[in-house]
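The whole structure should be built from the sequences, with the hints applied where relevant.
As they're listed, the protein sequences go chains A and B.
Per UniProt numbering, the first sequence starts with residue 1, numbered consecutively.
Per UniProt numbering, the second sequence starts with residue 1, numbered consecutively.
Hints are computed from structural coordinates only; laboratory data are not their basis.
One thing to keep in mind: the hints can contain errors.
Lysine to any residue pairs mimicking SDA-like chemistry, simulated, CA-CA at most 20 angstroms apart [unchecked claim]:
| # | chain 1 | residue 1 | chain 2 | residue 2 |
| --- | --- | --- | --- | --- |
| 1 | A | LYS7 | B | ALA125 |
| 2 | A | LYS11 | A | ALA90 |
| 3 | A | LYS14 | B | ALA127 |
| 4 | A | LYS11 | B | ALA127 |
| 5 | A | LYS11 | A | MET37 |
| 6 | B | LYS185 | B | ASN144 |
| 7 | A | LYS7 | B | LYS185 |
| 8 | A | LYS61 | A | ASP48 |
| 9 | A | LYS72 | B | LYS91 |
| 10 | A | LYS97 | B | THR162 |
| 11 | A | LYS72 | A | ASP48 |
| 12 | A | LYS7 | B | SER119 |
| 13 | A | LYS97 | B | ASN144 |
| 14 | A | LYS192 | A | HIS177 |
| 15 | A | LYS7 | B | THR120 |
| 16 | A | LYS72 | B | ALA127 |
| 17 | B | LYS185 | B | VAL153 |
| 18 | B | LYS91 | B | ALA125 |
Sample of chain A residues at the chain B side, in silico, Cβ under 7 angstroms [what the hints assert, rightly or not]:
| # | residue |
| --- | --- |
| 19 | PRO63 |
| 20 | THR65 |
| 21 | ALA101 |
Source: prediction; values computed, not measured.
Ideal Cβ placement from N, Cα and C applies to all residues, glycine included.
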Amino acid sequence: MFNIAAKRIIKEIKEVINGDQVEDAALKLELVNDNWMDLRGEFKGPPDTPYEGGAFKLEIKVPETYPFNPPKVRFMTNVWHPNVSSVTGAICLDILKDQWAAALTLRTVMLSIQSLLAAAEPNDPQDAVVATQYKENPELFAKTAKHWTNIYAGGPNHVWEFNRKVEVLIDMGIEEHKARVALSTNDWDIEKATEHLFS
Amino acid sequence: MSVDSDMEYSDNDGDEYGDYYGEQDDCEMETVDQSKTDPEYFLFSCLRVEEVEKLLNESIELLSNSLQITPSLAKVILHAYDWNAQEIIDKYKENPNEVLIHSRVKPRVPSLSANISCSTCAVCATANSTQKYSALTCGHYFCNECWAMHFEVQIMQGVSNTIQCMAQECEVIAPEDFVLSHVAKPTLRDRYQQFMFKDHLKSHPQLRFCPGPNCQWIFRAWVREGARRVECQGCELLTCFSCGAPHHAPTDCITIRLWLTKCADDSETANYISAHTKAREALKKYLHYYERWENHARSLKLEEQTLASLKSRINQKAQLEAEIENLSWKVERAETTDRGDLENQMDIAEKRRTILLKDFLDINTNCASSSKM
Ligand SMILES: [Zn+2]
Ligand SMILES: [Zn+2]
Ligand SMILES: [Zn+2]
Ligand SMILES: [Zn+2]
Chain A
1 MFNIAAKRII KEIKEVINGD QVEDAALKLE LVNDNWMDLR GEFKGPPDTP YEGGAFKLEI
61 KVPETYPFNP PKVRFMTNVW HPNVSSVTGA ICLDILKDQW AAALTLRTVM LSIQSLLAAA
121 EPNDPQDAVV ATQYKENPEL FAKTAKHWTN IYAGGPNHVW EFNRKVEVLI DMGIEEHKAR
181 VALSTNDWDI EKATEHLFS
Chain B
1 MSVDSDMEYS DNDGDEYGDY YGEQDDCEME TVDQSKTDPE YFLFSCLRVE EVEKLLNESI
61 ELLSNSLQIT PSLAKVILHA YDWNAQEIID KYKENPNEVL IHSRVKPRVP SLSANISCST
121 CAVCATANST QKYSALTCGH YFCNECWAMH FEVQIMQGVS NTIQCMAQEC EVIAPEDFVL
181 SHVAKPTLRD RYQQFMFKDH LKSHPQLRFC PGPNCQWIFR AWVREGARRV ECQGCELLTC
241 FSCGAPHHAP TDCITIRLWL TKCADDSETA NYISAHTKAR EALKKYLHYY ERWENHARSL
301 KLEEQTLASL KSRINQKAQL EAEIENLSWK VERAETTDRG DLENQMDIAE KRRTILLKDF
361 LDINTNCASS SKM
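Below is the structure:
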C-alpha cells in the first residue's frame, strides 16, 4: 500500500506542474521535507468573488492508505468562509469525507476547494458564526471576506474602513489577529467587539 | 459467528420456532393473560445467530428465485429495501431498472467516461499490460490489485454492504461475490461476512442484536416504535426493542437517548446542557400528554367509581410530576458530588413510574374498550 501512495503522489505532483491548467486556477503542489506524506498546496482565489487575487495555502497530509482513504486537508491561510473554520482552517467538503473516491486526485481536491470558495454551502457550515453572517448580512460578509483576503492571502483590495477599526483595537493593546476576529464575529461593531474581548 | 450451544436452550428450539413462525393463534390465550398481568407486554422472540441466518437466507432465496438473480445481488437489493422481499418483487415487475438503480446495483446514468481500454489503472497510476482489470456494472475498470486493497481498507473500517466503486461520483455497490473474488485472506473474508451479517440485522426492521456485552442473542419483533420492553433469553438484560437502550417506558426513545448521552458525558459541556434541556422538555411533554389523556378520559363521562379511582391517580401523577420536577432541577445543577442524591431521586421516580404506568395502562384499556365505535 505504501508503494501505491508514494507512486501516486509523485505522479500527482507532476500532473499539477505539467498540467494544462486554466490560468485562473494556478495550482501549486509540493512536498515538505521530501516526505510524500506531507504536502503544501496553493491556489488562487476564484475571480469575481471576495477571494479574488488572493493566494491560499493548504496543508495536505497523506495517509499511508492513500488513495483508498482521503487526504487530510486544511487551510493554512486564514479564510472567512462559511465552510472553513476561521480558527483551525478545517474544511467542510464531502469529497474529503464520505464522498471520497480512490480515483480522485489532489488536483481535483484543490479545484473542488477553489470552487467551494466561489459557491459556499451555508446550510452545511464548518463555521457557524461566519455562516450566520453569510445568510443574514451578505454584504458585510463579502466585505469581511475581502478584508481577510487582503490581509492574509495578499489580495489587492483593501477595505480601509475595516483596517481603521482594527487599528482602534490595536491601540487599546489588543493583538492584531485577535482584534480582527473579534470585529469580524461582531459585525464590525467596535463596542460589541471590545465587550466580547474584555468579558 | 457461532454461538456455544447450550442444552437448556436447545431443548426449547422446536417450540420457539412455532412461536415466531406465525402460529400466534395457539398462544393467543397466553398473550391475553400476560398482557393483563404485565402492562408493558410486547410480543417478541429471542433467536440464535443460526436461526436468524436461516431467516435471512429464506428471503434471499425467495428473491433470487423470483427475480432470477444471484443471491449476492439479492442481498444488495434486500438491504436497500429493508428486507421487504414482496415489495421488491412487486416493484421489479413494474420497473426492474428502477429497483436496480435504487439499490445501486446499476448506475443511475450510464458512465460515459468508463475506462474500457483497461490500459492504465487510475487508482495506482500504473500502466501494466500483465495486470488483470475488472469493473462493476458501471464499467469503471481498475486493476485487481487496487480492488483488493480498496476492499481491505473498507473491510478494516467496518464497511461491508455498502462498499462503492472507486470511480469519482460513482455510487454503484460492490456485491458480495465481487468482493470475495478479490479478497483472498481468510481472516479478512471472515471479518467481511461478520460485518455483513451485522449490517443485515441493522437494516432488518424486525431484528435487533441484544445489546448485552458479548451476547449473541437476537430479538425478533413486529413493531418498532415507542418504548418496547424485551428481555434477553441469554443474558436476561431488559432493553427497548425500538431503540436498543435499557428499557425506559413510558419515556420515549428520543428522551432516553438524550438522557443517556448526558450520563455518558459527565462533564459540564454545552452538549450536556442542551441535551438535558431537551430531555426535560420531553418529560414535560409526557406529562402534558398525560394531562390531555386525563381530560379526554373525563369527557367520556366515566362512571363515578372510575372517576374516583382516577382522582387518586391524579394525586399519584402530581407526586410523580413533583419527583420529576425535583429530579430535573437537581440534574440541571448537578455536580459530581450530587450523584448519590440524584440516584436516590431517580429511584423514587422510577418506583412511582412503575406503579403509575400500570394504573395508567389499566385505565387506558378500560377507557378504550368503553369508547369503541
Ligand atoms: Zn490499480
Ligand atoms: Zn463505477
Ligand atoms: Zn442478551
Ligand atoms: Zn426505546
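Okay, the hints, checked on the actual structure:
A hinted pair counts as satisfied when its Cα atoms are at most 20 angstroms apart, and A:LYS7 with B:ALA125 qualifies at roughly 8 angstroms. The suggested pairing of A:LYS11 with A:ALA90 is violated, with an alpha-carbon distance near 26 angstroms, which exceeds 20 angstroms. For the hint linking A:LYS14 to B:ALA127, the alpha-carbon distance of about 16 angstroms falls within 20 angstroms, and the restraint holds. Taking the CA atoms of A:LYS11 and B:ALA127, the gap is near 13 angstroms; set against the 20 angstroms cutoff, the hint holds.
Our distance criterion of 20 angstroms between C-alpha atoms is met by A:LYS11 and A:MET37, whose separation comes to about 14 angstroms. Annotation: proposed proximity of B:LYS185 to B:ASN144 holds, straight-line Cα distance about 15 angstroms (limit 20 angstroms). For the given pair, A:LYS7 sits about 25 angstroms from B:LYS185 by alpha-carbon distance, which is inconsistent with the 20 angstroms threshold. For the proposed pair A:LYS61 and A:ASP48, the alpha carbon gap of about 30 angstroms is over 20 angstroms, so the pair is violated.
Of the supplied pair hints, the one linking A:LYS72 and B:LYS91 is violated, its CA atoms being roughly 42 angstroms apart against a limit of 20 angstroms. A threshold of 20 angstroms between alpha carbons decides the hint, and for A:LYS97 with B:THR162 the separation of about 15 angstroms falls inside it, so the pair holds. Pair hint A:LYS72 plus A:ASP48 does not hold up; C-alpha atoms about 28 angstroms apart against a cutoff of 20 angstroms. With a C-alpha separation of about 17 angstroms, the suggested pair A:LYS7 and B:SER119 falls inside the 20 angstroms cut-off, and the hint holds.
For a cut-off of 20 angstroms, the pair hint linking A:LYS97 to B:ASN144 is broken: about 24 angstroms separates their Cα positions. Straight-line distance between C-alpha atoms of A:LYS192 and A:HIS177 comes to about 17 angstroms, which keeps the hinted pair within the 20 angstroms bound. Distance hint between A:LYS7 and B:THR120 is fulfilled; the C-alpha atoms sit about 14 angstroms from each other, no more than 20 angstroms. Distance hint between A:LYS72 and B:ALA127 is unfulfilled; the C-alpha atoms sit about 27 angstroms from each other, more than 20 angstroms.
Proximity of B:LYS185 to B:VAL153 is assessed by CA-CA distance (about 13 angstroms); at most 20 angstroms being required, the pair is judged to hold. For the proposed pair B:LYS91 and B:ALA125, the alpha carbon gap of about 41 angstroms is over 20 angstroms, so the pair is violated. Taken as an interface hint, A:PRO63 does not check out: its beta carbon lies about 10 angstroms from the nearest beta carbon of chain B, beyond 7 angstroms. A cut of 7 angstroms between beta carbons decides the hint on A:THR65: the least distance to chain B is about 5 angstroms, and the hint holds.
Look at A:ALA101: its Cβ gets to within about 5 angstroms of chain B, closer than 7 angstroms, so that hint holds up.
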